[in-house]
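2 protein chains.
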Amino acid sequence: MYMVNVAILGFGTVGSGVAEVMEENAVSIAHNALEDIRVKRIVDIRDIEDGHFSKMQTKDFSVVENDPDIKIVVETIGGVGVAYDYTKRSLLAGKSVVTSNKELVAKHGHELLSIAKEKNVNYLFEASVGGGIPIIRPITQCLTANELDEVYGILNGTTNYILTRMVQGNVSFEEVLHEAQRLGYAEADPTADVDGHDAARKICILADLCFGKSVDPDRISVQGIRGVTAEDVEYARRLGYKIKLLGRAYRLDEEHITAYVAPHLISKTSLLSNVDGVMNGIVVHGNALGEAMFYGAGAGKRPTASAVVADVIDAAKHMLARKYLGWDESEPDYVVDAADIRMRWYVRTGSGLEEIGRAFGNVRLISYPGEYPGAGPDEYAFATEPITGRELQKRLSGMEVRSLFRILG
Amino acid sequence: MYMVNVAILGFGTVGSGVAEVMEENAVSIAHNALEDIRVKRIVDIRDIEDGHFSKMQTKDFSVVENDPDIKIVVETIGGVGVAYDYTKRSLLAGKSVVTSNKELVAKHGHELLSIAKEKNVNYLFEASVGGGIPIIRPITQCLTANELDEVYGILNGTTNYILTRMVQGNVSFEEVLHEAQRLGYAEADPTADVDGHDAARKICILADLCFGKSVDPDRISVQGIRGVTAEDVEYARRLGYKIKLLGRAYRLDEEHITAYVAPHLISKTSLLSNVDGVMNGIVVHGNALGEAMFYGAGAGKRPTASAVVADVIDAAKHMLARKYLGWDESEPDYVVDAADIRMRWYVRTGSGLEEIGRAFGNVRLISYPGEYPGAGPDEYAFATEPITGRELQKRLSGMEVRSLFRILG
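Chains A and B are the protein sequences, given in the same order. Reading the first sequence from the start, the letters are residues 1 to 409 in the working numbering. Reading the second sequence from the start, the letters are residues 1 to 409 in the working numbering.
There could be a bad hint or two in this list.
No farther apart than 30 Å at their CA atoms in a straight line, the calculated lysine-lysine pairs in the BS3-like style are these [what the hints assert, rightly or not]:
id: 1; chain 1: A; residue 1: Lys268; chain 2: B; residue 2: Lys301
id: 2; chain 1: A; residue 1: Lys323; chain 2: B; residue 2: Lys268
id: 3; chain 1: B; residue 1: Lys213; chain 2: A; residue 2: Lys323
id: 4; chain 1: A; residue 1: Lys317; chain 2: B; residue 2: Lys71
id: 5; chain 1: B; residue 1: Lys40; chain 2: A; residue 2: Lys323
id: 6; chain 1: B; residue 1: Lys213; chain 2: A; residue 2: Lys268
id: 7; chain 1: B; residue 1: Lys59; chain 2: A; residue 2: Lys71
id: 8; chain 1: A; residue 1: Lys317; chain 2: B; residue 2: Lys323
id: 9; chain 1: A; residue 1: Lys317; chain 2: B; residue 2: Lys119
id: 10; chain 1: B; residue 1: Lys268; chain 2: A; residue 2: Lys301
id: 11; chain 1: A; residue 1: Lys117; chain 2: B; residue 2: Lys71
id: 12; chain 1: B; residue 1: Lys88; chain 2: B; residue 2: Lys59
id: 13; chain 1: A; residue 1: Lys40; chain 2: B; residue 2: Lys107
id: 14; chain 1: A; residue 1: Lys117; chain 2: B; residue 2: Lys268
id: 15; chain 1: B; residue 1: Lys55; chain 2: A; residue 2: Lys323
id: 16; chain 1: B; residue 1: Lys117; chain 2: A; residue 2: Lys317
id: 17; chain 1: B; residue 1: Lys107; chain 2: A; residue 2: Lys117
id: 18; chain 1: B; residue 1: Lys323; chain 2: A; residue 2: Lys119
id: 19; chain 1: A; residue 1: Lys71; chain 2: B; residue 2: Lys117
id: 20; chain 1: A; residue 1: Lys317; chain 2: B; residue 2: Lys268
id: 21; chain 1: B; residue 1: Lys59; chain 2: A; residue 2: Lys323
Hint data in this document are derived by calculation from the structure and do not stem from the laboratory.
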């Protein structure tokens, strides 16, 4: 057997998970890859404490860059700074790169895939969306017979854990966030998760792949879960819904799509509403397939490593035959603002019935003041007919709005 | 662009679906395959009525066999007779073969994959399990970093529709079967579905791929759903369970697995229990990944065609670089009888409490005679501790047993 040498950049949670899984499952990996694969170098600026792996450490990336024996580079640094630089240089040096870095793929995927194509190497990122869940390859290889029209899902485990606990325990966002931080499900700085930016990067990568053109995560509408209250959860429950943070993208016509991240009320009878805790679920809709859903651990050391190492194996098997993966640049008007899309809305308001009636006509009332224990003493909640976000804002002007979420299904 | 010519063998539901999807989505298919792909010939012994497709018809397979321009053959004949012969001859003639024929793959997959390997062509069968759901490729390409230890799921849409309706409507198996036949969800002869043979073929293919050795569907224990009654459904419901027909295979140690098909009581809190109607759900467990689930339409013209055509595209892209796919032959003792596996069991019996106590000691009683409307007037239902099927049978000897199902989770 031929020996394939790998370098890992960044020995944090995912990077060390990759090293561990590659050692632990070395026999079956060699069987699947038809090659022996080993970690030759690990690049990290902090000292690696593990004696075995510390022997492979270098703090100087150029050692990897200039080593012709290293054919595959695993980038688990994260972010768009050093990671971007090292990825580019690795590809330019003729090495395939495998990553879990959703920010980098979402932001610079088009450019990096173009360089990979030019150098006839692979840039693979199965772990960037859905952690261990196979989703990138199913979309790019298994659903190729379809015109895909929609992709959406629960793309962030931290926020799904928080919302699940709010539903189960009828507790506030702040309480659950602290619990999640204690349990290690949320970072000390939870911004990227809680405010929806992580989900935004992932839905953009899914949209890039499903619809073939680049979608910039900085240019889509993103709403996180800080505004979801225990009242909202309770009102949704009474309506037969759960509140979930969804990333969603769909095709409007041949030249336009929309993409956004926001909390949604989704029906309890849908399979996706039963995706609870830190798990992720991703739904893809195609014109031949209908609907398929992919479910599993969306984060975590070993599940993410599972996806990274599968890409390493795939890169090793495709050393000479590059896999086709990529998307085009998009026109400025390609992504239509989510505020222009008609949806039903859930509204919680401190305004009175008369005002609601004036603005919306007959609405479906979900809750009125003090209706039952847990209902706010001075507020109404109701569901609208399908209207655009813009139209909704117009009608709500002058009203006291406390929560505002989309209803799906 | 290069033109890839395809022949379709068998113009039934799936075959005609393949032809339609290939025409309808021709532009995006060409984009994904980087080649133009067209149907050149359709082999069927019955006259094709559609004017467009009838022009491609031949009744003589040797026309396809001897046409060097046809590089890919789609086999949607079904069964292990003519389909086996034509598949073998196609592979031997140096053509890649794509199929939805689970019976043929389960029964002769090892041999056909060996021939494909020898001739350096592909034999692909994504559509043989889970219809349109991507499952074969995720297992063989996305989970390659894992030691897989278990695979199970709802693999047959007809029986899942029947069980779902029994749960919703509290109606008998016979009533629902007739309804399903009227709606086209069940065949006039429902044996293969209802008695579990279809699920058996699929779980064997999954076991072949997950564990790397051949499992013969004729040599595993298979129990269908004819014995599931409205009482069983109701008792399960009271216990917090749903009854689902599962195919299940798992690794016992390095040299042994078990595989079987049987109705199970599964917890209502599990995602799989919410896979209802004609949908399929497949759970895979690996040592790095943890658990992942794949969900979608397990049958039907267009979903199945979606998977077949994706394989055609993949075959077109891998004309020169064969994909590695295959499994070894197995030793005679490789598959351990499912009766030797310890599980909890649900038992419905006409025997009295004294007899139950003598045989099982303290059991968890689910229902006693006439306990509530719908409970049988003369029967008990209870759940056992984990014991093997053999041990169970011993203890039940002399008792009047009405139903007997495994409990999972």
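Hint check:
no. : hint                : verdict
1   : A:Lys268 x B:Lys301 : 29 Å, holds
2   : A:Lys323 x B:Lys268 : 41 Å, violated
3   : B:Lys213 x A:Lys323 : 28 Å, holds
4   : A:Lys317 x B:Lys71  : 23 Å, holds
5   : B:Lys40 x A:Lys323  : 27 Å, holds
6   : B:Lys213 x A:Lys268 : 41 Å, violated
7   : B:Lys59 x A:Lys71   : 51 Å, violated
8   : A:Lys317 x B:Lys323 : 10 Å, holds
9   : A:Lys317 x B:Lys119 : 20 Å, holds
10  : B:Lys268 x A:Lys301 : 29 Å, holds
11  : A:Lys117 x B:Lys71  : 27 Å, holds
12  : B:Lys88 x B:Lys59   : 18 Å, holds
13  : A:Lys40 x B:Lys107  : 43 Å, violated
14  : A:Lys117 x B:Lys268 : 48 Å, violated
15  : B:Lys55 x A:Lys323  : 36 Å, violated
16  : B:Lys117 x A:Lys317 : 16 Å, holds
17  : B:Lys107 x A:Lys117 : 41 Å, violated
18  : B:Lys323 x A:Lys119 : 23 Å, holds
19  : A:Lys71 x B:Lys117  : 27 Å, holds
20  : A:Lys317 x B:Lys268 : 42 Å, violated
21  : B:Lys59 x A:Lys323  : 38 Å, violated
Taken one by one, the earlier hints fail for this structure at numbers 2, 6, 7, 13, 14, 15, 17, 20 and 21, listed in ascending order.
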